[in-house]
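> Now for the letters of each chain:
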Amino acid sequence: MKSISFDTTNAICGALFVATGAFFAIQSLGLDLGTTVRMGPGYFPLVLAGVLVLLGAIIFIQALRVEGEPIDPFAWRGMLFILPAPVFFGLTVRGLGFAPSLFFTAFIACFASQKMNLFFAIILSLLLTIFSVAVFSYGLGLPFERFGPWVRF
Amino acid sequence: MDLFSNLALGFATAGTPENLFFCLIGVLLGTLIGVLPGIGATATIAMLLPITFQLEPVSSLIMLAGIYYGAQYGGSTTAILINMPGESSSAVTAIDGYQMARKGRAGAALAIAALGSFFAGTVSTFLVAIFAPPLTAIALQFGSAEYFSLMIVGLVSSIALAHGSVVKALAMVALGLLLGLVGTDIYTGTPRFTLGIREYADGLNFVALAVGVFGVAEIMRNLEGESTRTVLMAKVSGLLPSRQEFKEMIAPVIRGTAIGSALGILPGGGAILASFASYTVEKRMSKTPEEFGKGAVAGVAGPESANNAGAQTSFIPLLTLGIPANPVMALMIGAMIIQGIVPGPNVATEQPALFWGIIASMWIGNLMLVILNLPLIGLWVKLLTVPYYVLFPVIMAFCSIGVYSVNANVYDLYAVAFFGLIGYVLAKLRCEPAPLLLGFVLGPLLEENLRRAMILSRGDPTTFVTRPISAILLAIAVAVLIVVFLPSVKKKREEVFVEEA
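For the record, the sequence lines run as chains B and Z. Position one of the first sequence corresponds to residue 1 (the numbering used here), numbered consecutively onward. Position one of the second sequence corresponds to residue 1 (the numbering used here), numbered consecutively onward.
No lab work stands behind these hints, which were simulated from the structure alone. Worth double-checking, as some hints may not be accurate.
[To be verified] Which residues of chain Z face chain B? A few of them, derived with a C-beta cut under 10 angstroms, are:
(1) Gly189
(2) Ile395
(3) Phe398
(4) Val403
(5) Asn409
(6) Gly420
(7) Gly443
(8) Asp460
(9) Thr466
(10) Ile469
Predicted model, so just to flag it, every value in this text is computed and none were measured. Glycine included, every Cβ here is placed at the ideal spot set by N, Cα and C.
Bound-form chain Z, shown alone (with noise of 0.2 angstroms):
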């Protein structure tokens, strides 16, 4: 079979002495932040991004990709010991992982969401590596037209998972797109943009936009909040689940699995959508709709099964097509970049080792946070004592390093700040930065595609239409905007981030 054969080289790559270091240190960088609450893994991954360029392409990889799924695990540590998401995906698993804490199951609680997302994260392991070789044949048969249209299905997605007003968040990806193309036009060379300073003729630093927009302005929106922030933290006894509770895991996990996979490949923010999803499915086929948001298991086992799934399996578009599907996807894509890997349906056959290297690490590195996660909670407990304003001077620094060292190009580090402001006032705004920064990864694959097409078309835009692949993506498009813009879709869509925030 060519899927063992290949996951045995997957395995092969990943488990050399090397990778596994660099993918324990990504699980737990990723679990340490995803338990400090106020710095994300996008941020972080941002950071670190620069100081990844002396390692191997595979091991800076593996060891990013540990982070992103780490940073979900810790999240939900933190979300059921003080009721407090680290990240906004186990947001969710607050309602009733808190509850079980104040009936004094936390650790029973905290061990349903590991084993959960161990099994989520078993599966959709193996579901990448069904689903990435065909979806890769596909791909190689794109031309600028489907690319295009693609990135357009991409840009829609992002903007029907974001929160609040869709004209906003289509507005963003405009801003993000028109930021994007800051810099030296590719056909004429031409200088885009740039208010004649040299120093951004090779674009934008996309390290600076992620670090301001993620990091710098959630430091400030997070020292608005100094004075009231208290931590109320539900003691861990006893790890094991009982065998009633084993009993009612099962079924939701496995439910969560199977939309979490589904809603990860989506692109847009997987992970979020799917813990919700999976919540509000639980709660409709319980038998006791009545024990969620009181410490129900099906509310924890779910959500943190689907949010795992979702991590993973968001992979699938990175992988085979080159398209991020959510913000930490579009950094993974710089760092290929600066690796030297163009990212696309080539790196599977190109380079084999890579792509089934990441895929083989995730479950490894799934199967590291499930064994140390568990007897290290105490430690994670503690950090989580660690004050807020000796944090951020710290992250602020390490935001400084981290851009410094991708150019040496001190103008980066005032777009840092300036982006950092921008990130700010439109968070003030109501607006939310992930369709900016897909739309500023994308900005310049989306021109250079619809130039070429229109060039091989001898301007002929019915190109777009003609075409099948691209046509049937550009009407998936259309779909999800009409559906988003439905008067019912959208009740319904503000009634679920309104249950969020």
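Chain B with its partners taken away, still in its complex shape (with noise of 0.2 angstroms):
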């Protein structure tokens, strides 16, 4: 027998996709499906999520057949200060205010980059919070509080 030899990237894939699908499918299950004449809300749900269960074995079976390449090398370093800026801003953005909360989200987010330097950072988030606020909260008239409660005196 030949070494088992596989498409990561597409079993992943498949995978991932029949996981989703079984997911969709047993909360489907717990709503009223209906009929085919009046369906419930459980029905097209249950129906699709069928479908993205079978093509992800599709995905799976193919994947076992041929050899494909690896994975690229993933952004730890970009998804761990990218993806944690919104949910900061998200969290804060009604406490703080949108002044700072856009500030420190701004300020995250320059770190994803290897090239950033702290000094830079500050500069570039208050740079570009002044602009955000005179734009978006005194231009545009969005009804931002520009400090919020938590840094009221």
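Need the complex rebuilt from these two chains, each delivered in its own frame; the hints are there to steer you.
Rendered as structure tokens:
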């Protein structure tokens, strides 16, 4: 027998689709399915989830027969700093207010690049905050509180 | 003539100082993001969508449309000058455009691209004006069954035109449809797939999904190759093409316009396919095919006209049927809904000023691009030297502001991070995000029309094939699927996309 060879990328991809489809299918079964004439809230999602599982399985099985290129390395540093930025903004925009929250959001995002240094990150975030407050808050009049209850004395 | 009175109304609407101003802002912004690598029209429009709330519906749609075709122009500038297409639809332009630039004809190449695009833009604006009304008339006859079948055609075509594996693209559509169903069921009020989070009862925010999958995921992909990016720029001198070059560009521009206009109407990313088809055709038709890849004028003129024509005519399905042809059009639907306009055939009859105003603004916008861009090329070139590590924190901040200002719902921001991660992982697994977004937009519509059609036909599924228009549409969808899976076409398709990558 030949050594086991399979396309890792597609195998993971197929497995992920099967798992996601299964998740939606299980959730759909908890809903009213209805009849073909009067479809309930669970009918169409269940069909779609079934299709997704099937397609995922096809991708997975196809992956077993061929050898593929390995997945390129992930940008871990990018993920580590980019993804928390909007979450931080969401957590603090009401408490800290628009201006401070945006400053820190940009500041966090800055460090996703290896080329960024502390001084430059502060300057960039500061300029960006001033610009955004001027344009979005004063210029376009979006109803954001500039400074929230956490920083009010 | 009806056409002329309609166009007159359109130009009167688009020609007000306010609308001209927003058209200008749109095309400038569009060119800017087209020039800057690493941020596309989809992410930008998604970011700016909330900011357009305050504007009049016409102004906001004119501006968003301007961003879209402005980005096509900007993308070709970078393709020619530094061999780096800012937008995927100008990937082909880079082949011969950059070679022309290396021969010292950068200015001429830019001018050819701009003039070709302008010609294509003019013709396709008229095509939209001519074809939109009759299509609207047909669309008004549509019932639920027809709409369902039409959306199936749209989804299937988006698969056919996506890169890479067809099965993966199908799976992405299914996933997109499922994500689109998250939220309260319209018939029974039952919350679905909300994981008990009340804030998701209205469904996942479309802007959050688009920003996450197209904006945030793209940033992370760009951060991978951070250290390898170098910019070698060709010098721009002498914008006017020579008489010889001028002669060589005429036929390719006309052919490119025809190809682009036809392919743009197809759902699923017309502009990209159009530019590739045009390049292939020009190479076949040419008496000197060996010049292609070494700076052939036709290799710039054809594809550039084609992608611009395709970008314009992709508005036809949007304006007449309310069905998006590509992710940007999906965002335009979002913009219309936000403004309280129901996209579909009724737009033309109920809001003629809006409908014709958008069409007329496309021509005005194209004119602005020609007048502005050639003198402004120096400025755009300077922008290229802005390092990426300055850009992406700015993009992240604007994304956050944009998404938050839609509903002031902080859960939308968590969704951005979530979809950013999903989009990045899917990109790593070589899945195209465009079918996912189309599925997401069409999911609720598809389900609603399916359920209504089944109730109307008393549960008889043959309603989709016994109604003639619906049957024809489904036949088209099946034909497209069969063609995509045919071994010979499959191989050809792979070749085309390999060339692009």
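> If a hint holds in the structure, say so; if it doesn't, say that too.
Cross-check of the supplied hints:
1. Gly189: holds (9 angstroms)
2. Ile395: Cβ of Z:Ile395 sits 9 angstroms from chain B, so the hint holds.
3. Phe398: With a minimum Cβ separation of about 8 angstroms from chain B (threshold 10 angstroms), the hint on Z:Phe398 holds.
4. Val403: This hint holds: Z:Val403 lies near chain B, its Cβ roughly 7 angstroms from the closest one there, short of 10 angstroms.
5. Asn409: holds (9 angstroms)
6. Gly420: Status holds, d = 6 angstroms.
7. Gly443: holds (8 angstroms)
8. Asp460: With a closest approach of 9 angstroms, the Z:Asp460 hint holds.
9. Thr466: Since chain B brings no Cβ nearer than about 16 angstroms to Z:Thr466, farther than 10 angstroms, the hint is violated.
10. Ile469: With a closest approach of 22 angstroms, the Z:Ile469 hint is violated.
Checked against the numbered hints listed earlier, the structure breaks hints 9, 10; every other hint is satisfied.
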